[in-house]
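Number of protein chains: 2
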Amino acid sequence: MPVNETHDPGLRSWVESANEPQTDFPIQNLPFCQFDLPQLDHGPVGVVIGDRLLRLDVLVAAGVFGEIGDTLKEAAVEHMLDGIMIRPFSDVMPRLRSRLCELLRADNPLLRDNTSLRSSALISLDEAKFLRPSLIPNYTDFYASIHHARTVGSMFRPDNPLLPNYKHIPIGYHGRASSIVASGTDIRRPRGQQSPPEDPAAERRATQTPGFGPSKMLDYELEVGFFVGPGNELGRPIPIGEAESHIFGLCLVNDWSARDIQKWEYQPLGPFLAKSFATTISPFIVTMEALEPFRVPAFRRPEGDPRPLPYLWSDADQARGAIDLTLEVWLQSEQMRARGLSPVLLSKSNSFKDLYWTPAQLLTHHASNGCNLQPGDLLASGTVSGPGATERGCLLELTWDGTGEGGKPRPRKPLQLPSGETRTFLADGDEVIFKGYCERDGFRRIGFGECRGRVLPASAE
Amino acid sequence: MPVNETHDPGLRSWVESANEPQTDFPIQNLPFCQFDLPQLDHGPVGVVIGDRLLRLDVLVAAGVFGEIGDTLKEAAVEHMLDGIMIRPFSDVMPRLRSRLCELLRADNPLLRDNTSLRSSALISLDEAKFLRPSLIPNYTDFYASIHHARTVGSMFRPDNPLLPNYKHIPIGYHGRASSIVASGTDIRRPRGQQSPPEDPAAERRATQTPGFGPSKMLDYELEVGFFVGPGNELGRPIPIGEAESHIFGLCLVNDWSARDIQKWEYQPLGPFLAKSFATTISPFIVTMEALEPFRVPAFRRPEGDPRPLPYLWSDADQARGAIDLTLEVWLQSEQMRARGLSPVLLSKSNSFKDLYWTPAQLLTHHASNGCNLQPGDLLASGTVSGPGATERGCLLELTWDGTGEGGKPRPRKPLQLPSGETRTFLADGDEVIFKGYCERDGFRRIGFGECRGRVLPASAE
Chain X
3 MPVNETHDPG
13 LRSWVESANE
23 PQTDFPIQNL
33 PFCQFDLPQL
43 DHGPVGVVIG
53 DRLLRLDVLV
63 AAGVFGEIGD
73 TLKEAAVEHM
83 LDGIMIRPFS
93 DVMPRLRSRL
103 CELLRADNPL
113 LRDNTSLRSS
123 ALISLDEAKF
133 LRPSLIPNYT
143 DFYASIHHAR
153 TVGSMFRPDN
163 PLLPNYKHIP
173 IGYHGRASSI
183 VASGTDIRRP
193 RGQQSPPEDP
203 AAERRATQTP
213 GFGPSKMLDY
223 ELEVGFFVGP
233 GNELGRPIPI
243 GEAESHIFGL
253 CLVNDWSARD
263 IQKWEYQPLG
273 PFLAKSFATT
283 ISPFIVTMEA
293 LEPFRVPAFR
303 RPEGDPRPLP
313 YLWSDADQAR
323 GAIDLTLEVW
333 LQSEQMRARG
343 LSPVLLSKSN
353 SFKDLYWTPA
363 QLLTHHASNG
373 CNLQPGDLLA
383 SGTVSGPGAT
393 ERGCLLELTW
403 DGTGEGGKPR
413 PRKPLQLPSG
423 ETRTFLADGD
433 EVIFKGYCER
443 DGFRRIGFGE
453 CRGRVLPASA
463 E
Chain D
3 MPVNETHDPG
13 LRSWVESANE
23 PQTDFPIQNL
33 PFCQFDLPQL
43 DHGPVGVVIG
53 DRLLRLDVLV
63 AAGVFGEIGD
73 TLKEAAVEHM
83 LDGIMIRPFS
93 DVMPRLRSRL
103 CELLRADNPL
113 LRDNTSLRSS
123 ALISLDEAKF
133 LRPSLIPNYT
143 DFYASIHHAR
153 TVGSMFRPDN
163 PLLPNYKHIP
173 IGYHGRASSI
183 VASGTDIRRP
193 RGQQSPPEDP
203 AAERRATQTP
213 GFGPSKMLDY
223 ELEVGFFVGP
233 GNELGRPIPI
243 GEAESHIFGL
253 CLVNDWSARD
263 IQKWEYQPLG
273 PFLAKSFATT
283 ISPFIVTMEA
293 LEPFRVPAFR
303 RPEGDPRPLP
313 YLWSDADQAR
323 GAIDLTLEVW
333 LQSEQMRARG
343 LSPVLLSKSN
353 SFKDLYWTPA
363 QLLTHHASNG
373 CNLQPGDLLA
383 SGTVSGPGAT
393 ERGCLLELTW
403 DGTGEGGKPR
413 PRKPLQLPSG
423 ETRTFLADGD
433 EVIFKGYCER
443 DGFRRIGFGE
453 CRGRVLPASA
463 E
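So the protein sequences, as listed, match chains X and D.
With this note's numbering applied, the first sequence corresponds to residues 3 to 463, in that order.
With this note's numbering applied, the second sequence corresponds to residues 3 to 463, in that order.
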């Protein structure tokens with residue numbers, strides 16, 4: 003779908019809040035979500051516009067969609083957004099977007115002037131409890147930010163931060179799907195076996211009994227996720243040229259991590275309980291259609307870096323496979339909240355476009371062995387970090403002060419909060435808030451909403 | 003549930019094939035499965051008896067279950083076996099087992115002499131196409147055989163085969179749920195990036211371009227899986243004393259592995275595409291009730307090994323947390339099949355009972371960080387290998403010949419097949435067959451059926 007009239011910055015909606023310049027949700031965005039209402043059995047699909055939520059189920063019942071209404075009706079039988087994803091939405095989505103845009107345009111009276119339909123179809127964002135936007139049958143997490151991989155690698159291997167495979171193969175692992183929660187859900191600090199103190203002699207570690215208790219190194223990870231559309235049959239790879247027709251849209255992801263648990267458990271099979279206690283996602287899926295004006299060339303690899311293997315290479319993907327998206331991390335401690343202090347910005351970066359692999363490459367790689375991707379699967383980027391000290395997407399990196407003499411790590415450098423508190427890792431009561439948005443001259447700002455979660459103390463033993 | 007009249011070896015069924023001494027499925031077993039029939043929309047739950055399949059849906063409709071019939075009817079609304087698992091089955095299951103046992107006893111005329119009901123409720127095993135026995139929302143694979151961990155470790159780290167964490171923490175990782183298939187499904191050889199040749203200099207590896215193509219080191223992994231019952235809420239661990247009330251039953255698992263892909267991709271986040279192309283499971287869930295007579299003490303750790311941390315320790319689990327189960331791996335190549343040669347036994351072991359961690363410990367560890375286990379989740383043991391050369395549960399180990407001078411690996415020692423062929427890893431057309439059974443004097447043999455899969459050539463590029 004090329005840039006078209008649905009991206010026109012002059013387009014205004016009769017939902018006035020959608021016309022405010024700083025809204026995340028102008029008529030040019032229209033992200034999808036699943037939500038619950040007290041009076042409903044199962045959550046319908048919503049589309050966000052300004053500070054309102056448009057109920058697709060009500061609109062479908064009112065027959066405003068014509069031909070695609072039948073597709074939407076079929077899709078509604080079970081979980082509706084999954085039902086849309088399972089269909090070849092590259093066909094349905096542009097028409098659905100056009101139609102929604104038309105219905106919400108300032109000059110279209112159909113819904114605007116139908117008080118009864120409008121009042122049942124359009125509800126306040128505050129009324130809804132947001133759910134995971136799909137059933138998320140499977141969750142995969144990648145490691146696509148080379149800045150993140152290099153910084154973290156330098157903590158464990160000062161002389162050899164990047165492993166030999168990194169520039170050849172997108173590194174990823176299967177995450178835990180069951181513990182993915184929507185923004186706003188409280189996060190219980192995990193208990194677990196904890197690594198011995200930093201940098202012990204290997205001999206000492208081998209005989210030491212590890213501790214078990216609440217994690218002392220709880221961290222967030224700033225990531226971007228994308229939802230899989232139709233997916234593939236088991237045994238049938240997805241060629242790179244078709245990859246984007248399987249990407250429904252994007253959301254923000256906080257892949258909460260317990261670093262002390264991770265450090266102790268992760269060898270040789272990778273992260274497990276250090277991550278599986280919770281992953282928070284923003285509840286709105288910003289569609290690829292809405293992101294169209296913000297497509298940019300894939301990361302330009304430095305001279306000397308290997309060219310991606312043919313199965314991961316397409317000229318079109320190289321030309322516009324990345325997305326120019328700004329990401330922010332904010333934190334508000336319990337003390338800050340109590341004293342009325344606003345959340346503080348911990349990091350801000352524009353590095354999602356500089357991932358070492360594009361979303362299409364990650365998806366094609368994932369299916370290259372024949373693994374069947376399913377509608378509603380979530381694939382996440384891994385921590386998105388930029389090269390600068392204030393662009394790092396997790397506390398593990400932000401409070402890292404590099405290595406000193408003999409490659410030994412220096413003590414961590416705590417962050418100062420406006421309340422006078424300091425943080426090396428997260429404390430109970432801390433709320434972490436991610437924001438994401440696309441901006442470009444000549445286009446409306448497209449926002450992702452928030453990905454928010456507050457840390458609760460560990461459960462009693 | 004203690005050993006009771008349902009385990010009585012003298013008990014005979016009017017289904018004559020169930021009384022044959024070598025059957026996997028005597029009246030004392032009664033494993034559950036989901037299957038498809040051409041005339042049905044969705045697969046009903048079946049119970050295997052001899053060479054027959056008893057349809058629970060038909061029996062429920064006929065009202066033979068009394069009080070628990072209501073529970074079964076509720077459970078049948080969606081996917082029935084998942085519906086049973088989600089309920090507190092420690093209450094339902096013993097009653098269901100008793101009732102099924104009663105209905106199938108040689109001296110009970112109710113079903114035996116009701117020709118009409120019997121002919122609709124009891125079908126031939128051959129008629130059914132077996133499905134995954136649950137929806138398997140999540141799949142986790144452990145690494146609980148210390149013999150396997152030690153042998154594989156010695157390939158990569160001859161001086162330090164076991165990592166320091168191994169004896170303290172059950173090592174596991176999230177597997178891919180979507181690509182789990184039922185026994186009998188053909189397996190497409192995966193393509194992927196392949197590791198450079200064995201034991202290259204690290205410098206060489208860093209600059210070398212990896213290959214991409216069909217895996218040359220395709221392997222099976224002999225594992226045992228267990229299905230989760232009710233599960234826990236996010237944030238609420240499952241104490242070790244309650245762990246077994248969350249284990250519904252067991253099956254055989256073949257966690258197919260592409261070793262060349264694995265070797266290249268697995269650092270630092272663990273196995274990914276090397277495993278996610280397919281996992282085969284036997285379709286019958288052998289219940290914990292049926293396995294009761296075969297419970298044995300947990301593996302007795304050698305002097306000097308650490309005692310499990312308190313959250314993983316229960317006297318009851320130590321006393322009878324393991325299961326005495328014999329496992330076999332058979333192989334039949336295409337040539338063998340063409341020449342009428344029977345499958346050949348590759349390995350046989352009784353080492354499942356000697357896993358370093360019991361199923362209860364694995365489950366409790368998994369939920370110890372608050373991770374929510376869901377009904378129908380599959381947890382697998384990891385490759386089950388014994389200490390002996392013919393007890394190894396994968397070709398990676400079976401054809402390994404140890405290390406020679408300077409810690410360098412010796413060439414692999416191919417297996418000889420009756421057809422005159424040799425195998426280091428699997429060839430196209432090879433069929434791998436796992437069998438599992440419990441035997442004990444004074445009890446009927448309880449079998450697991452087969453876990454079978456044939457290797458198809460890689461797809462065209």
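One thing to keep in mind: the hints can contain errors.
Which copy is meant is left open, so a pair is good if it fits within one copy or across any two.
Okay, derived cross-link-like pairs now, PhoX-like style, lysine-lysine, Cα gap no bigger than 25 Å in a straight line [said to hold, decoys possible]:
#1 K218 - K169
#2 K265 - K131
#3 K75 - K410
#4 K218 - K131
#5 K169 - K75
#6 K265 - K169
#7 K410 - K218
#8 K75 - K131
#9 K218 - K415
#10 K75 - K265
#11 K355 - K75
#12 K75 - K350
Please keep in mind that the hints were generated in silico from the structure rather than gathered at the bench.
It should be emphasised that the depicted structure is a prediction, and the values quoted were computed from it without experimental measurement.
Hints, verified against the model:
no. : hint        : verdict
1   : K218 - K169 : between (33 Å within a copy, 22 Å between copies)
2   : K265 - K131 : neither (36 Å within a copy, 44 Å between copies)
3   : K75 - K410  : neither (61 Å within a copy, 63 Å between copies)
4   : K218 - K131 : neither (31 Å within a copy, 50 Å between copies)
5   : K169 - K75  : neither (45 Å within a copy, 54 Å between copies)
6   : K265 - K169 : both (23 Å within a copy, 16 Å between copies)
7   : K410 - K218 : within (21 Å within a copy, 41 Å between copies)
8   : K75 - K131  : within (23 Å within a copy, 32 Å between copies)
9   : K218 - K415 : within (16 Å within a copy, 48 Å between copies)
10  : K75 - K265  : neither (48 Å within a copy, 47 Å between copies)
11  : K355 - K75  : neither (36 Å within a copy, 52 Å between copies)
12  : K75 - K350  : neither (41 Å within a copy, 54 Å between copies)
When each numbered hint is compared with the structure, violations occur for hints 2, 3, 4, 5, 10, 11, 12.
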